[in-house]
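With the hints as your guide, set chain B onto chain A.
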Amino acid sequence: MPRYLTMVRVDENNAPAEGPSQGLMERMGALIEEMTKAGVLLDTAGLTPTSQGTRVTWSNGEFTVTDGPFTETKEVVGGYALIQAKDKAEILEWTKRFLAVHESYWTVTSEIREIAEN
Amino acid sequence: MTATNSAVEAVYRIESARIIAGTARIVRDVAIAEEIAQDALVAALEQWPETGVPERPGAWLMTTAKRRAIDLVRRKETYARKLAEVGRSLEDVPAPEPADPDAIDDDVLRLIFTSCHPVLSTEARVALTLRLIGGLSTDEIARAFLAAESTVAQRIVRAKRALGRANVPFEVPRGTDRDGRLGSVLEVVYLVFNEGYAATAGDDWLRPALCEDALRLARLLAGLMDREPEVHGLAALLELQASRIRARTGPDGTPLLLEEQNRARWDQLLIRRGFAALERAYAPGAAPGPYTLQAAIAACHARAVRYEATDWRTVATLYGHLAKAAPSPVVELNRAVAVSMAEGPAAGLALTDALAREPAMAGYHLLPSVRGDLLERLGRDGEAREAFVRAAELTRNARERELLLTRAHRVSR
Numbered sequence: 001m002p003r004y005l006t007m008v009r010v011d012e013n014n015a016p017a018e019g020p021s022q023g024l025m026e027r028m029g030a031l032i033e034e035m036t037k038a039g040v041l042l043d044t045a046g047l048t049p050t051s052q053g054t055r056v057t058w059s060n061g062e063f064t065v066t067d068g069p070f071t072e073t074k075e076v077v078g079g080y081a082l083i084q085a086k087d088k089a090e091i092l093e094w095t096k097r098f099l100a101v102h103e104s105y106w107t108v109t110s111e112i113r114e115i116a117e118n
Numbered sequence: 001m002t003a004t005n006s007a008v009e010a011v012y013r014i015e016s017a018r019i020i021a022g023t024a025r026i027v028r029d030v031a032i033a034e035e036i037a038q039d040a041l042v043a044a045l046e047q048w049p050e051t052g053v054p055e056r057p058g059a060w061l062m063t064t065a066k067r068r069a070i071d072l073v074r075r076k077e078t079y080a081r082k083l084a085e086v087g088r089s090l091e092d093v094p095a096p097e098p099a100d101p102d103a104i105d106d107d108v109l110r111l112i113f114t115s116c117h118p119v120l121s122t123e124a125r126v127a128l129t130l131r132l133i134g135g136l137s138t139d140e141i142a143r144a145f146l147a148a149e150s151t152v153a154q155r156i157v158r159a160k161r162a163l164g165r166a167n168v169p170f171e172v173p174r175g176t177d178r179d180g181r182l183g184s185v186l187e188v189v190y191l192v193f194n195e196g197y198a199a200t201a202g203d204d205w206l207r208p209a210l211c212e213d214a215l216r217l218a219r220l221l222a223g224l225m226d227r228e229p230e231v232h233g234l235a236a237l238l239e240l241q242a243s244r245i246r247a248r249t250g251p252d253g254t255p256l257l258l259e260e261q262n263r264a265r266w267d268q269l270l271i272r273r274g275f276a277a278l279e280r281a282y283a284p285g286a287a288p289g290p291y292t293l294q295a296a297i298a299a300c301h302a303r304a305v306r307y308e309a310t311d312w313r314t315v316a317t318l319y320g321h322l323a324k325a326a327p328s329p330v331v332e333l334n335r336a337v338a339v340s341m342a343e344g345p346a347a348g349l350a351l352t353d354a355l356a357r358e359p360a361m362a363g364y365h366l367l368p369s370v371r372g373d374l375l376e377r378l379g380r381d382g383e384a385r386e387a388f389v390r391a392a393e394l395t396r397n398a399r400e401r402e403l404l405l406t407r408a409h410r411v412s413r
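Residue numbers (my numbering), protein chains in the order written: chain A, 1 to 118; chain B, 1 to 413.
Next comes chain A alone, as it looks inside the complex:
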């Protein structure tokens, strides 16, 4: 059964300034509980803003260290979920459910990547 990493991308600059609503948090909590109970959600977490992040690059034999925020990027990874699903259709369904707990004024993108198991 394949495992997928879904990376949740949000536009930090255009995300609702007040953050996630109470209702969103509750729906998200219920969905996480449901997915855990169904045995499909293996791990999930939200990430702190990119302003607290750091990038380390190795290029031409040298390191470059840059502290956030990274102004040039629009969409940033705001969280992730590791999900084990039977197939692509099933991970798509779970991902849609995850996105649909957000109010319609949100723009959120989940990037689904299958984990290479060998």
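FYI, nobody ran anything at the bench for these hints, they're computed from the structure. One should not assume that every hint holds.
[What the hints assert, rightly or not] Facing chain B, from chain A, some residues (calculated, C-beta under 7 Å):
no., residue
1, Met1
2, Thr36
3, Gly39
4, Lys74
5, Ala89
6, Glu90
7, Glu93
Values in this document were obtained by computation on a predicted structure and should not be read as measured data. Even glycine gets a Cβ: it sits at the ideal position worked out from N, Cα and C.
Leaving out everything else, chain B in the frame of chain A:
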């Protein structure tokens, strides 16, 4: 059109256990419940391509199925009344309610306990549980167990009939009955896992898909029965065993012993999940059950970064506890291995002498396999070779036979 179909089927697979469970509570019959659930799926396949996928597809399927279930019960009720017969009391038929997660969880638990009911043979329990709870198709179950699809289909049909004939109530057992019935549920999941982990028949030693189905069931149980320590014990055991799947075979499919495995290939996520489940499995004041003890043993291996770093004394002690909690010759054999590692091969071999006289162990290939290993370590090459050959004769798995013959050959050089 096709995209909608695959979306409908994915929703159904995700929801089927809940829909069947919710429906079974109304009609009190798992066979009818499954039919109604599939009718709801057919309705979705017909309607959604026209109307679009509803906003809450799972709830749509559930409501459709429950409505049909209630219609069916009402029709039966009317029919019964017309015949002036006193049938089952149907006054408690609930109206289709908004989805309450806890109520649905209770229904799924009822479905699990019913599928694993002791009136059914072990094979029937396994097939029915994979079908109704795991959402596997008959074909998938047949392939997993190397059986003909018609055989499995028959098995499932008979199992459903047997439940009806025995009038098995659709409920979660309480009181004195509960422990035994829970044991039956855990056993089914454990058997499914083991069939994937060390296939008893066939050319492939490992069938990971079956392990993953079992693991998913174990996680589901842990979510539904949060306060049952042994459920977490089983989940911990399976997470930890599964963490080694990738490392258990070489590139050509040959089984690798624990000491030969590349521990960098162990799955750290599953190990972490196993440790977390194991913590929940220890109930204050209660002696740990057999699954928890086995999980604790697996955790000892998971903690050892190198084979040489294994805490064999703790492993041997845990096997001692396990031998008391769930006495069996197989446990005793494993204890012998652990003791041989902690105290030397002679101490281990002494423990296997008694086992060699057990009639239950006569056809068990792992006994001569272990004795071969211990005898080899003691330098008794002739006896070691004999034991490996004997073990190779007894195993039904082609890969394992090869490995044992190789070992027999290696001793003689």
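Right, here's what the structure says about each hint:
no.: 1; hint: Met1; in the structure: holds (4 Å)
no.: 2; hint: Thr36; in the structure: holds (6 Å)
no.: 3; hint: Gly39; in the structure: holds (3 Å)
no.: 4; hint: Lys74; in the structure: violated (29 Å)
no.: 5; hint: Ala89; in the structure: holds (4 Å)
no.: 6; hint: Glu90; in the structure: holds (5 Å)
no.: 7; hint: Glu93; in the structure: holds (4 Å)
Consistency with the previously given hints fails for number 4 only.
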